[in-house]
Amino acid sequence: MMKPHRRKRLGIILFIAAGLSVAIGLTLFALSQNINMFYSPTAVANGEVEAGTMFRIGGMVKDGSVDQRQDSLAVRFVTTDYVHDVPIEYEGILPDLFREGQGIVAEGRLDSAGVFQASRVLAKHDENYMSPEVRAAMEQAGASPENHPFRESPED
Amino acid sequence: MIPEFGQFSLILAFCLSVLLGTLPLAGAATGNGLWMGLGRPLSAGLFVFLGICLFILGHAFVTDDFSVRVVAAQSNSLLPMQYKMTALWGGHEGSFLLWTFMLSGWIFAVSVFSGSMPREFVARVLGVLGLLCASYILFMLATSNPFDRMAPVPPADGADLNTALQDIGFILHPPTLYMGYVGYSVVFAFAIAALLSGRLDAAWARWSRPWANVSWAILTIGIALGSWWAYYELGWGGWWAWDPVENPPLITWLFGAALIHSLAVTEKRRVFKSWTVLLAILAFAGSLLGTFITRSGLLTSVHAFASDPSRGVFILGILGISVGGALLLYAIRAPLIKSEFGFGSLSREVFLLANNIILVVAAASVFLGTLFPMFYQALTGDLISIGPPYFNLIFVPLMIVLVMLLGIGPISRWKKTSGGYLRRQLGKLALASLALGVALPLIVLLEISLPATIAVALALWIVLTISRDLLVKTANKPGRWQGLRSLTYGYYGMQGAHFGVAIMLVGVALTSWFSTETSVLLRPGETVALGSYEFRFDGSERIAGPNYQADRATVLVTRDGAPVADLYPELRVYLASGTPSTEMAIDAGLMRDLFVTPGEIRDNGAWTMTVYVKPFVRWIWLGAIIMSLGATLAATDRRYRKLAGRRRESVVADITGGQGSLQPAPGVSP
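Residue numbers (our numbering), protein chains in the order written: chain A, 1 to 156; chain B, 1001 to 1670.
Extracted from the complex, chain B is given alone in its bound form:
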């Protein structure tokens, strides 16, 4: 009976979302205060009822109610409790319910943290989000009901959760990624609300900024968790494969990064307005594209769910209507938007414009590479795939240019910067980072390595320009400490995120270039050398896990005769499904990871295995964490709270350190 309550509350949530998607919007259009006021209670109700749905489905998983189809398909009575709870998002239906619940959570958050915005604006934002939520719930009710029963007789036990998913990465990665993804719905709704009202002003940009930052911060962590999980679970030592389902989050992330920068310009300088709106729409489209690719089964991927064409068509419909409608609205409204300030050809605006172009080109090329096989097949009938070299060829030069600009942008001034000023500020830093970039790898490696030089020089360039900027920004204050304290969270957030870029850059470049690996067949007692490390296979034993049996090998790693680590890779067979699974063993370190992937056991007790040494691989995820913290810190800047109280006032004061123009805005935005 309980799952039927879930079904019932899903239908109730649908009714609430339809009301939320209509009444506040109609109220905002007609000036009906009562209807606009319904936005907040409806949001709360939607959140509660979708929460009940999620709880009831979770209850079915925890209590092994195999009469519910998704439980029978994705769970098993032997499954450890943490995976029973999270098996909920191990399939299409449950994960879409989680996705929709996340959206209702964001809607609720908007309704709570929007007290200072005009009620028409809040009503429109909640209305747009309500429409979106209604379409998701309709999708569930029509094609993917998570509460479907097994008819007529439920199975005695479930088919089990895919063994590759029985891992901490599966507990963390999907919810975080979804939360980041869905956050872009909020930014999208803000943009649509602004288009509807025709008031794309600095206030709109300021309201959007914390949401854009937080969504991006969460998405960053979500992607990084996926990368980390793939790294140790898939067992080929890679942290990014340009898989068709990895790419849409990256596309969204790149658009999101461009949006954060563009919003800053729109708020401070009132230019790039229509561009910013377009980016908000594109970032949202990227998030829906991810859903579409994962759930339509169109592309080959490790992520794809069981495919069902009707679902793909439905999601494509949601994508087409929401993004198409938004673009139509944009086309109607954009010509009315006027940018107010001019700017010189050498100014912070121009550097941020270049940032945006690079990020958007990067996103577009990932999009092209991801969907090209599909278009190609539709046109010619031939099946093709696009390999990682394509993406690397595009990405590496773009990111090198981006990082060079990243050093200049924060130091340059709004409106107009003289070339001489930039040369004075940055000339020596550029030489210093280049010199150290050549020297450091030479000292460590005793050879000249171009990739290491580029990576180290660029990372130092970021770090040195950040330090320089801190010195400049605090130079006029009576004391350094006071100077540092006078800088805002927004400023520290920006520089923190930029520092994260430096860390990630080092990780990506050095791991990609200096990783070594070898596949070998080892009898017990045999050794294989890789770089300065020796891996000795010390035999294996049979062990029993909670829902699997395994052969566990012992691999002793030494360096110059001194023991470094014991590694225990496993070959498991899961009892419920009989599926074999390999478990890598990793010794993680800040400077290098040692990594063993088992292959198979031969008759004479020998194992095949691949051993890896991966320098600096942890820096990739460390960099992502720092970026994410930076974006979050910037979102907590005091002015978003303090200034939020005043409506529609012109904000021109340059908060990032007072070196910009402080003159008041001539004229009010349309």
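Isolated chain A, as found in the complex:
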């Protein structure tokens, strides 16, 4: 027979262990449901992403590619890692510092036509800082990156 205080201690330990395992299980489940992968335009062009999967894409806004409709908020542009291009469509207000020739990260899905439908566009925020994501995308593609950090655009 266990002494009462031992039993109490065991009870507390079991209580904590049960709580923790529920919490860990819940956390891992939540984590697995909410991972957004990041892909470079080259990876997307190579067909590494299935249509309909939520992910992030990062690269430079191709010069001369921004097509802003004058009568609505719809905008279409091309992001590039200077090896491959991916067209992006977005409806909403772009961040202040969205520019041609600068780094952006967009979050969204590929449609069946291979156009990236963005729900969020993040752009450069400060001269001295760059996103590790765009830097990596550029390096993977063999282009030399500039420094570009990010600012969030309005969420849709």
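Derived from the structure by calculation, the hints contain no laboratory data. Positions of the beta carbon are idealized from the N, C-alpha and C atoms, including for glycine. Incorrect hints may appear among the rest.
[What the hints assert, rightly or not] Partial list, derived from the structure: chain A residues whose beta carbon lies under 10 Å from chain B:
#1 His5
#2 Leu26
#3 Thr27
#4 Ala30
#5 Gln33
#6 Asp63
#7 Ser65
#8 Asp67
#9 Arg69
#10 Ser72
#11 Leu73
#12 Val78
#13 Tyr82
#14 Ile93
#15 Glu100
Using the hints provided, position chain B relative to the given structure of chain A.
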């Protein structure tokens, strides 16, 4: 020449901090009273010389001394004076100097307000803090000297302060956050001093409590200021983004909240001792983690400074040595710590234990979500990000359970509470808050809304249980007023902070659920409707600011035809850097905010803009202010001053209202 004096006094401060980190500790170990006594003068000296450093760097900013590298990088002759002064913490070097100065301020405060503690204890606390301060100053001297000059020729003008930082939020948020953050170094030092001496007793917990409370109170305000600033400056209507740099303060804050509760148990009941020490170490580790993430540039964030890998490695070294050393010491000492009191399976101790588990699990899941992308990349090479849904999924259920327990904890008794007593006290309150939670949203919204019901019911649960507890606590007194006066500041502080939780909960839930927004393209004279409000764009004009030019739009908001507010969002271009910047316009109210973010101007004079209606958003920060006031009030409780005079005596009297056990402690703590 003046910046060189700054450099010189930084080196002097380093020497003082090394002395502070060695002599008092050696004195405490060998019983050398003279060495222990050096702690206080050294602390004062450290504070003074770091103050001189800060003043000299501030002077360089104010006088536009662009020969100093950080001034050239972060300031500009056109910058308004308040931003010239505060541009000091607009970059890595200056902000780290501010951080270190804050630490010296806390050290000085400890040396002043520790008169009643044993001198060995004070010597150890100051010694640990001195070591920490020495490592920070060494970090500055080695990798991030704020007094570096531009060689060989200084630029004619500075590059300007990042335009997003030119705002009142930037003046207030970093210093407050740093002050709260660094306060946890003090709590950490108290824990280490107690481990070193091997005397983790009720006295140690009582000395730590005011410091833990004040740090938490300041950190609460610091985080709330950051949230408020992001809300109106970043322009997407959010008040919390689960950004990798927002998260470490939250982790620290959650550990800090757990620590406040655990310290209470340790002081009053002498249980959870080793757990409390661990929490103090974890809260401190959270604060260093924040520094590490911000300054190493490892994670993508709006906060990150220019990155330099050597700095990250250095901070990781400080983190590893201080936290690793503390945990090692803990592992050696913890088995010697004995908890003295048993407690029943239904008691205040158990409710506070549950509080601690929930807060620690919440902190751990935020930690996991923040650093998981980094680990994942290291293991697989793939880049990922973890979105807000993860954090919401974890946080919402945890906080609902926490708030339910929050109503029960204060009413339950130490050691043993009968289930019948709790049912008698709380059964009707639970039904009442549930009923009102269903009824109130129904009356206001004319529909059944589960989120509103949960939020209102939980908030009412807190308010009703607080009121009930006040009634119970004053029932035996001759008059209500006398009863209320007999309750301590500690008690009112606790209930005040809990009331703040209720207010914040309402704000968070209702804002998250009922906010509406729409992005539109408006020509002058056009209108957009959002809920019961109409926003009319009345055209724009060109205006000139001190260091920028702007297009300012006029947006008239009406409700049922009656004017509510005029809003003036701006699109600015800063002259020094040529950077564009959007300025939101907000009409703030207790029940709702109206909010316009400008986008861009089209050729025909039309503007793109996003308009928002955000109900109850102010309650979030109001709740934080109330929590912070509660924690501060509790820290001023008379007993921390009165009892501080007596050393090492057993304190068992239950101050929170006299319903606990009043028997003396059997035996003295080891």
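We went through each hint and held it up to the structure:
1. For His5 of chain A, the interface hint holds, since its Cβ comes within 10 Å of a Cβ in chain B; the closest pair sits about 6 Å apart.
2. Contact between Leu26 of chain A and chain B, as hinted, is supported at the beta carbon level, the nearest pair being about 7 Å apart and thus within 10 Å.
3. For Thr27 of chain A, the interface hint holds, the least distance from its beta-carbon to any beta-carbon of chain B being 5 Å, beneath 10 Å.
4. Interface hint status for Ala30 of chain A: upheld, as the beta-carbon distance to the closest one in chain B is roughly 4 Å, under 10 Å.
5. For the restraint placing Gln33 of chain A at the interface with chain B, the shortest Cβ-Cβ distance is roughly 7 Å, inside the 10 Å limit, so the hint holds.
6. Below 10 Å, beta-carbon pairs count as interface contacts, and Asp63 of chain A has none with chain B, the closest being about 19 Å; its hint is therefore violated.
7. The closest approach between the C-beta of Ser65 of chain A and any C-beta of chain B is roughly 17 Å, which is over the 10 Å cut-off, so the hint fails.
8. Below 10 Å, beta-carbon pairs count as interface contacts, and Asp67 of chain A has none with chain B, the closest being about 14 Å; its hint is therefore violated.
9. The interface hint given for Arg69 of chain A is met, as the beta carbon of that residue sits about 9 Å from the closest beta carbon of chain B, less than 10 Å.
10. Here the hint on Ser72 of chain A is kept, as its CB sits about 6 Å from the closest CB of chain B, short of 10 Å.
11. Evaluation of the Leu73 of chain A hint against chain B yields a held restraint, the C-beta minimum of about 6 Å falling below 10 Å.
12. For Val78 of chain A, the interface hint is violated, the least distance from its beta-carbon to any beta-carbon of chain B being 19 Å, above 10 Å.
13. Against a cut-off of 10 Å between C-beta atoms, the interface hint on Tyr82 of chain A is violated, since the closest Cβ of chain B lies about 18 Å away.
14. For Ile93 of chain A, the suggested interface contact is upheld, since its CB lies about 4 Å from the closest CB of chain B, less than 10 Å.
15. The interface hint given for Glu100 of chain A is violated, since its Cβ lies 14 Å from the closest Cβ of chain B, which is over the 10 Å cut-off.
The structure shown violates the earlier hints numbered 6, 7, 8, 12, 13 and 15.
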